[in-house]
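Required output: the full structure, derived from the provided sequences and hints.
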Amino acid sequence: MKRLFFAFVFLALAAQFACAVSSSEAEEKASPYTAGEAVTTLPQPLEVGADSYWIYYTQIYPPVSKKLVVAVSEYLGDVVSDEVKLSAVAASAYDYGAVHDFIEPKGYSFSSLAPAFSSSLIALQQSQANLNDLAQVVQSKYAYLDFSQVEANLTLLVQAADDTNAMFQEGQSQQQVFNDAYSASELSTLVYYYNTSFSRLSAFFTVYQDYLNAIASAQSAVFKSPITAPDNENIYNSLENLKDIGLSSLYSKFASSNPSVTLNSLYSYKRAWVNDSVSSFSFAYSKGRALEAYDAAYLRYQFVTQAKTVLQSCGIVTADVTRDWQEVEYYREKASAIGYAKMLELLPPVTAKIDSVYSRYQACISKPTASATPTQEADYSWLLYALVILLVAVYGYNWWKKKREEAAA
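Quick note: the sequence shown uses my numbering, first residue 196, plus one each step.
It is worth saying that the hints were derived from the structure and are not from the lab. Values in this document were obtained by computation on a predicted structure and should not be read as measured data. All C-beta atoms, glycine included, are put in the ideal place defined by N, C-alpha and C. There's no promise every hint is true.
Distance condition first, Cα-Cα at most 25 Å in a straight line; then the derived DMTMM-like pairs of lysine to aspartate or glutamate [claimed, not checked]: (1) 336 x 428; (2) 224 x 242; (3) 482 x 524; (4) 482 x 522; (5) 448 x 365; (6) 261 x 528; (7) 482 x 550; (8) 261 x 471; (9) 537 x 524.
If you anchor each label on the Cβ, the simulated ranges turn out as follows [as the list claims (entries may be wrong)]: (10) 514 x 380: 23 to 33 Å; (11) 325 x 387: 31 to 41 Å; (12) 423 x 341: 46 to 56 Å; (13) 230 x 491: 18 to 28 Å; (14) 528 x 235: 30 to 40 Å; (15) 279 x 236: 18 to 28 Å; (16) 418 x 307: 36 to 46 Å; (17) 325 x 418: 16 to 26 Å; (18) 351 x 223: 55 to 65 Å; (19) 235 x 408: 34 to 44 Å; (20) 318 x 423: 29 to 39 Å.
Dropping the structure here:
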């Protein structure tokens with residue numbers, strides 16, 4: 196029984212993966228909503244909740260005016276229109292954008308920071324040894340020179356570097372976890388690690404600045420002392436060499452643009468971006484559905500407008516259909532989210548009325564007529580009906596062909 200159960204589960208999973216939507220298929224489904232927009236695509240479906248989605252979003256950093264997110268279910272193949280689900284997807288897209296659009300291009304990824312700090316720890320340990328040697332030599336000749344403040348700050352710097360490096364190593368591991376799982380939850384954890392690591396990095400550089408200040412103070416004391424050349428110059432240069440811990444480039448970049456500040460600023464706009472991007476999609480989705488329904492109903496409505504005379508001869512009143520259609524046209528011309536939503540509400544009952552008119556028309560023209568007697572002229576009214584139907588069909592075909600040509604252009 197267990198074997199049967201596991202076989203069933205295996206087959207179900209195999210069928211699920213066999214039906215997974217490919218990247219090209221998802222792109223085709225998303226294209227009506229992303230057309231004309233510069234969107235970023237995740238390299239593979241991201242697991243959000245109980246499903247995985249191909250995700251397309253407009254750039255997070257630097258921000259662009261148009262906010263948009265489109266998601267296609269990997270297994271169902273549907274474009275996600277439910278705003279609650281799409282909001283969850285958009286939140287994950289924002290997390291991905293923070294990493295992909297800002298952190299990685301700026302050189303703050305864990306894959307860049309972790310190796311740099313591992314090397315820095317080695318440099319700091321060497322600096323401790325060099326400072327110890329310098330202090331012993333100098334104080335044996337010039338006992339009044341005191342490097343204790345430099346030593347204390349260097350000890351604090353090593354501790355801060357060790358803590359920061361540990362966080363970077365954990366972050367690098369989390370990056371691998373996300374790459375393997377490719378889920379929203381692991382992505383959120385990755386962003387947490389980045390945020391925490393940037394705070395640690397900020398604290399580290401504060402300690403580093405204190406260390407540099409302590410060295411500068413010691414160098415000033417050397418030149419103010421009665422020590423003459425070349426000893427004063429040698430001591431000064433030895434202290435200067437202690438400043439280099441292999442992070443000069445990162446320190447300069449950090450001083451001009453603190454990633455912690457930028458990341459916090461980005462996340463202060465996250466909720467607004469999610470709302471705006473979902474609203475943009477919902478508008479495009481409603482518009483597409485409304486105009487598609489309108490085009491389908493318009494062909495039917497042409498019958499009502501072109502066959503009024505025949506319909507009247509059958510005693511069929513179409514005033515209510517005309518009135519309802521005018522209301523549809525009113526909302527179509529508004530070209531707004533409310534207008535398209537209203538069209539979707541109005542078109543089904545209008546279409547039902549048009550179908551009812553056509554059904555009554557068919558019943559009218561299919562009524563049996565008395566055979567013509569020798570003294571009666573034959574009834575050729577059916578030719579008139581047939582001609583009207585032909586004209587309506589030709590008009591409808593020409594309208595449809597024109598629409599297709601305009602769309603192709």
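> Broken hints, numbered, in rising order?
Replying inline: 10, 12
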